[in-house]
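Visitor: Here are the chains, one letter per residue:
There are 2 protein chains.
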Amino acid sequence: MQHRWKLIIEYCGTPYSGWQRQEEGVRSVQGVVEDAIHAFCQQRLTIHVAGRTDAGVHARGQVAHFDLDYGDRALTGYDLTKALNAHLKTEAVSVISAEAVDAEFHARFGAVNKLYVYRIVNRNAKPALEDGKVLHIRRDLDIGAMQLAANRLLGNHDFTTFRASECQAKSPVKTLDRLDIEAVAYDDEGGREIRIYAEGRSFLHHQVRNMVGTLALVGEGKWTPDDVAAALAACDRTKGGPTAPPDGLYLMRVDYKAEL
Amino acid sequence: MQHRWKLIIEYCGTPYSGWQRQEEGVRSVQGVVEDAIHAFCQQRLTIHVAGRTDAGVHARGQVAHFDLDYGDRALTGYDLTKALNAHLKTEAVSVISAEAVDAEFHARFGAVNKLYVYRIVNRNAKPALEDGKVLHIRRDLDIGAMQLAANRLLGNHDFTTFRASECQAKSPVKTLDRLDIEAVAYDDEGGREIRIYAEGRSFLHHQVRNMVGTLALVGEGKWTPDDVAAALAACDRTKGGPTAPPDGLYLMRVDYKAEL
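Chains P and U are the protein sequences, given in the same order.
The opening residue of the first sequence carries number 1 in my numbering; numbering runs sequentially from there.
The opening residue of the second sequence carries number 1 in my numbering; numbering runs sequentially from there.
Mixed in with the good hints there might be a few duds.
[Unchecked claim] Heads up, simulated DSSO-like pairs for lysine-lysine below, C-alpha to C-alpha not over 27 Å straight-line:
#	chain 1	residue 1	chain 2	residue 2
1	P	Lys-222	P	Lys-126
2	U	Lys-126	P	Lys-133
3	U	Lys-133	U	Lys-89
4	P	Lys-174	P	Lys-239
5	P	Lys-133	U	Lys-222
6	U	Lys-170	U	Lys-257
7	U	Lys-133	P	Lys-133
8	U	Lys-222	U	Lys-133
9	U	Lys-239	U	Lys-174
10	P	Lys-257	P	Lys-174
11	U	Lys-174	P	Lys-222
12	U	Lys-126	P	Lys-89
13	P	Lys-222	P	Lys-133
14	P	Lys-222	P	Lys-239
15	P	Lys-82	U	Lys-170
16	P	Lys-126	U	Lys-170
17	U	Lys-126	U	Lys-222
18	P	Lys-133	P	Lys-89
19	U	Lys-133	P	Lys-126
20	P	Lys-82	U	Lys-222
21	P	Lys-170	P	Lys-257
22	U	Lys-222	P	Lys-126
23	P	Lys-89	U	Lys-133
24	P	Lys-133	U	Lys-89
25	U	Lys-222	U	Lys-239
26	U	Lys-126	P	Lys-82
If you're looking for bench data, these hints aren't it; they were derived computationally from the structure.
Whenever a hint applies, use it, and build me the whole structure from the sequences.
Guide: Written as structure tokens, this is what we have:
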């Protein structure tokens, strides 16, 4: 009998070409997880993901689902997690949990909220312990100004200014529910980590990284919050700031209706 | 004119053979920093460190000093930090700060307090994002029991039970001022990070890792706090628990008299 399984997956994006399976020989997170499923049950199954991440983007709580016919044998979420992780030992990918869900559950279409965090280490010295895991910005960022600018992006807008040209979304109109800037101590010498929390039902391709690249301009004093509002209103990608690198971006969590 | 400089150094221990400079061709943190100093001023200088760390052990706030004759030219801590970091770009080592200090300052002999943290990820799935940066323990750890056991190690004792056979300290008697166990959420699925904070003026070789390996036995229910007290009293390394791997250990901070 067939069951739908929901997986929560953690991965380091650095060694992969991104979530999506590509041609043979290209290492993707999807490919690696599907290979683990195949090694476990000898079936070539396709998994459906909540949010495809680009090359180098990390996840602490990515969600995917797939349908498995495991015959009459009993299979618990604990068993499945353990079995998949046994085949993921050499990868920078872990299944944190597996749960049997209703056949109506859909990782992508059922998602009602996603939380991303973008991490910036803001100090003179490069972060020696987190290469590829954070963006390093030397110039002291004005997080008060960044928060004022972030507030101008909240709500329902046409986000074309922050949309990658390859974006496949039908509409550029999205609702941004949260864009918070937080600073925490990173070392004992005054170095800070700036965390940008972005939350909403869905995002355009590169939207978070494009918003972060723009907010960084504000933090560096090159742009004002008004400049950001004007860029948003222009609905023109060429009026937005640069795309921040993938290194600092983490998909933290995906929420579904029944869970809220 | 000669000046003494104090450096605060951050590094990832994974790619190095440890702090101490070894024969040609072996990559050590000391060697990498001394090479950066040489590249900066064309002088082969020796740096003196607060606490030599073993292969794979990390530092967020290692301290070292060296003496530099830079002629009549002005040199600020900011300049020196920037110059050394420019020569450390390809290394997992960063100089967080450089400060001109009195000629009496000594990174090792002047240290009055050191703080180490040992990080354990305690959940079923391996930590995909922090390979080499944490110890992974699957079995649910009883941190209440671990803290009771840790309390039995506090104070002035002969720590022979937790001392590596290669240890060069004159005496096995040390004062342990703090050994705290803390648990924080690591993911949204119940996974925890256990942090063990160890603080004191100085430690024997492998002392923290041997204490952590022993406390882990208590957390797993294999040992009681009384067993730990008995092991300590035995003054016999063979009565202690195993040496925890270097991956989870971080030298966080070194304090000096004038700073307290």
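Visitor: Confirm or reject each hint.
Guide: Right, here's what the structure says about each hint:
no.	hint	verdict
1	P:Lys-222 - P:Lys-126	22 Å, holds
2	U:Lys-126 - P:Lys-133	18 Å, holds
3	U:Lys-133 - U:Lys-89	20 Å, holds
4	P:Lys-174 - P:Lys-239	18 Å, holds
5	P:Lys-133 - U:Lys-222	36 Å, violated
6	U:Lys-170 - U:Lys-257	22 Å, holds
7	U:Lys-133 - P:Lys-133	13 Å, holds
8	U:Lys-222 - U:Lys-133	25 Å, holds
9	U:Lys-239 - U:Lys-174	18 Å, holds
10	P:Lys-257 - P:Lys-174	18 Å, holds
11	U:Lys-174 - P:Lys-222	54 Å, violated
12	U:Lys-126 - P:Lys-89	8 Å, holds
13	P:Lys-222 - P:Lys-133	25 Å, holds
14	P:Lys-222 - P:Lys-239	14 Å, holds
15	P:Lys-82 - U:Lys-170	48 Å, violated
16	P:Lys-126 - U:Lys-170	38 Å, violated
17	U:Lys-126 - U:Lys-222	22 Å, holds
18	P:Lys-133 - P:Lys-89	20 Å, holds
19	U:Lys-133 - P:Lys-126	18 Å, holds
20	P:Lys-82 - U:Lys-222	24 Å, holds
21	P:Lys-170 - P:Lys-257	22 Å, holds
22	U:Lys-222 - P:Lys-126	42 Å, violated
23	P:Lys-89 - U:Lys-133	16 Å, holds
24	P:Lys-133 - U:Lys-89	16 Å, holds
25	U:Lys-222 - U:Lys-239	14 Å, holds
26	U:Lys-126 - P:Lys-82	10 Å, holds
Violated hints, in rising order: 5, 11, 15, 16, 22; the structure is consistent with all others.
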